[in-house]
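This note's numbering applies: residue 81 is where the sequence shown begins, and numbers increase by one.
The hints are simulated quantities; they were obtained by calculation from the structure and are not laboratory data. What you are looking at is a predicted structure, and each value in this text was computed from that prediction instead of being measured. Note that beta-carbon positions come from the ideal geometry of N, C-alpha and C, so glycine has one too. Certain hints may be false.
FRET-style restraints, in silico, Cβ to Cβ [said to hold, decoys possible]: (1) Val150 x Pro266: 24 to 32 Å; (2) His227 x Gln142: 35 to 43 Å; (3) Ser268 x Val216: 13 to 21 Å; (4) Gln142 x Gln204: 20 to 28 Å.
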Amino acid sequence: MQQLSQTTSLADLPLITLTADLTRAANQIPGLAVFPYLAMIAASEDGTLPQPDMAELIQIMQLAAGVSWVPHILIVDCGAIELGEPVAASRPPVRALVQYLQTAGFRSAVSHSWEKVQHALQHQSVDLLLFCVTPVTSAAIVTQMVHSLQQLANYPPVVVWNYHSQTVTSASEASEWNRVATRILPPSLSILELLVQINQTLAESRQHLGATQR
81 MQQLSQTTSL
91 ADLPLITLTA
101 DLTRAANQIP
111 GLAVFPYLAM
121 IAASEDGTLP
131 QPDMAELIQI
141 MQLAAGVSWV
151 PHILIVDCGA
161 IELGEPVAAS
171 RPPVRALVQY
181 LQTAGFRSAV
191 SHSWEKVQHA
201 LQHQSVDLLL
211 FCVTPVTSAA
221 IVTQMVHSLQ
231 QLANYPPVVV
241 WNYHSQTVTS
251 ASEASEWNRV
261 ATRILPPSLS
271 ILELLVQINQ
281 TLAESRQHLG
291 ATQR
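Starting from the given sequences, assemble the full structure and let the hints guide the process.
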């Protein structure tokens with residue numbers, strides 16, 4: 081990687097990485113534009129390297145070449161909304177997620193205010209709404225957010241991630257989220273696996289949008 085970064089003609093090119101080790105090494109070198117193939121990285125965690133899905137790989141190549149749209153993900157830190165905390169107080173899993181999203185080539189923003197989330201959905205381009213839920217997220221807050229989303233004519237795909245690995249989303253809370261959620265993810269999911277789910281959700285959304293526009 082060091083030799084690559086020292087070769088001007090190569091260092092200026094986007095770099096697509098297929099393993100976690102390559103991604104970590106590339107991200108440690110300033111100036112390299114790294115685009116990890118997340119689905120393959122997750123599948124290769126057991127030490128094997130599977131064959132890449134050509135459709136997915138082409139999408140990553142398009143993104144790396146700058147000929148594809150860059151998805152905007154709005155992250156809702158539900159625990160912070162409940163406690164009225166500022167964005168700077170985001171918990172470590174949420175901060176780590178933002179860094180991973182940036183590394184993966186996404187645009188993202190964290191919101192601790194439901195009013196600001198509603199404003200963004202109405203006035204900005206949001207491609208996916210990611211709710212990060214915690215044990216302190218009350219049923220009343222969940223109901224309020226779900227009801228507000230249902231009042232919108234259109235809202236983006238919704239992914240719900242419980243980032244407390246020891247806490248299972250209750251049946252009543254899951255039932256409430258199911259009114260708007262595209263995916264409710266298990267608490268055992270790692271951030272890398274979460275990114276794979278985000279990619280799949282965005283791909284399905286794009287396919288659905290393309291089909292409705294034909």
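Against the structure, the hints:
no., hint, in the structure
1, Val150 x Pro266: 24 to 32 Å, "28 Å, holds"
2, His227 x Gln142: 35 to 43 Å, "38 Å, holds"
3, Ser268 x Val216: 13 to 21 Å, "20 Å, holds"
4, Gln142 x Gln204: 20 to 28 Å, "23 Å, holds"
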